[in-house]
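S.K.: Single-letter residue listing:
Number of protein chains: 2
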Amino acid sequence: MEYDGTRYAGSQRQPKEPTIQGELEEALYKLTGTHIKVSTAGRTDSGTHAFGQVVSFTTTANLDSRAFVFGLNHFLPDDIVVKNAETVSADFDPRRDAVLREYVYCIINSDNRSPVWRNRAYQVPGTLDVELMNEAAKMLIGTYDFASFTTEIDEGKSSRRIVYESEVSQEKDIIRYRIVANSFLRHMVRVIVGTLIRVGKKTMSLDEFKALLDYAEISKAGPVAPACGLYLNRVEYSN
Amino acid sequence: MEYDGTRYAGSQRQPKEPTIQGELEEALYKLTGTHIKVSTAGRTDSGTHAFGQVVSFTTTANLDSRAFVFGLNHFLPDDIVVKNAETVSADFDPRRDAVLREYVYCIINSDNRSPVWRNRAYQVPGTLDVELMNEAAKMLIGTYDFASFTTEIDEGKSSRRIVYESEVSQEKDIIRYRIVANSFLRHMVRVIVGTLIRVGKKTMSLDEFKALLDYAEISKAGPVAPACGLYLNRVEYSN
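Each protein sequence line maps, in turn, to chains A and B. Number 274 marks the last residue of the first sequence (our numbering); no jumps. Number 274 marks the last residue of the second sequence (our numbering); no jumps.
Bound conformation, chain A alone (with noise of 0.2 Å):
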């Protein structure tokens, strides 16, 4: 799926307001008469946004995947879009079974607030040195704790992850940041994006950055910078 997020409290259900889970079980129950529940590959929250979200629910409605597809997109509103849909073995999930996930965040550095980006990217003023952002952004490459990255660590759950991409580009004003790991950390890309951007004003030194990794203490990094900027770009499985 791909969507806007800006009018939604993310992507898991909630009991009042509305979230890109609850869109599209409503659309689900428009199409095929019954209620459904669907499971997601990677948690959004409010604001942050999608080209690659994967959901995964089971039906006994008699129509093929294409119908799916059609069928949904003509009762989701204009802000969500099914890309694709296919038929899986039934113990499929699409979050344990995820082997890797890429997050984009996007941030526009202008010295005035952008109306075109704007629910799209973070506005950072001033001047930003995005070769040392990207030589933050490497060292986070490997399996490393990243306790440091994080707002909240699930009791007895391990905070170690293993990063396979990390880097941060530019294109005139548009500062890209791209990651790919296994799984994240509550709030990890905007934890790290914001604590980049303390490297990229000078704020922070490189071996500040480093030392985090060693830390290794919740909220030891950040601030934790907007949701609007964030994009799940797509998640993969192993077959």
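I should point out that these hints are in silico values taken from the structure, not numbers from a laboratory.
Identical chains blur together in the list; that is why a pair holds if it fits in one copy or across any two.
Pairs of lysine-lysine residues, derived as DSS-like cross-links and limited to a Cα-Cα distance of at most 30 Å, are as follows: (1) 207 x 173; (2) 237 x 118; (3) 255 x 192; (4) 65 x 118.
With chain A's structure known, arrange chain B on it following the hints.
M.R.: What follows is chain B alone, placed relative to chain A:
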């Protein structure tokens, strides 16, 4: 100025609909307490965006350029922003004095509608031969009668224009057309893009495309691509 043109009936003031000019003149009234009429460098259609629109006005308000930027942005809605202001000579005309205009048109080449790019790019499904589109685009560079590439020519006015740059580029599923010319005919960029898409889909040959410059007959080219993909990028002045 930069703006997201989605909510507006174009750049030029209309009696009952919201326009860029209307919003700016209202902000000027709130800031200065006087009714001020603004002149615009390039008219943009309803739904068309701008990163670099230029406007001018005459005022007796005792405010410097910086105060105008901050003050106007305080009163303007979040889909319009003033990026910069400077004092010019009293006879400056942003339309007549402009020597160059640059437009960018953004296509998302995708079989599904795109929630993230909606109102920001024109969604074109199927295969597009971007190299062929770029070859066609290059043919427009030079001084030609662009009558085929417009929907309206003012009585007695020339439809000759000088195109300095014209190119199609691609980055993943985003195809961008960029054109720089001394000035533009009505709907010219949108007609060019509609025609380039026919070339990309191979329903028009490069020879047929080239012939449109020789025909020089109104609306011979086209169709007119939607306004939502179009951005007025910059306007340049000789001094």
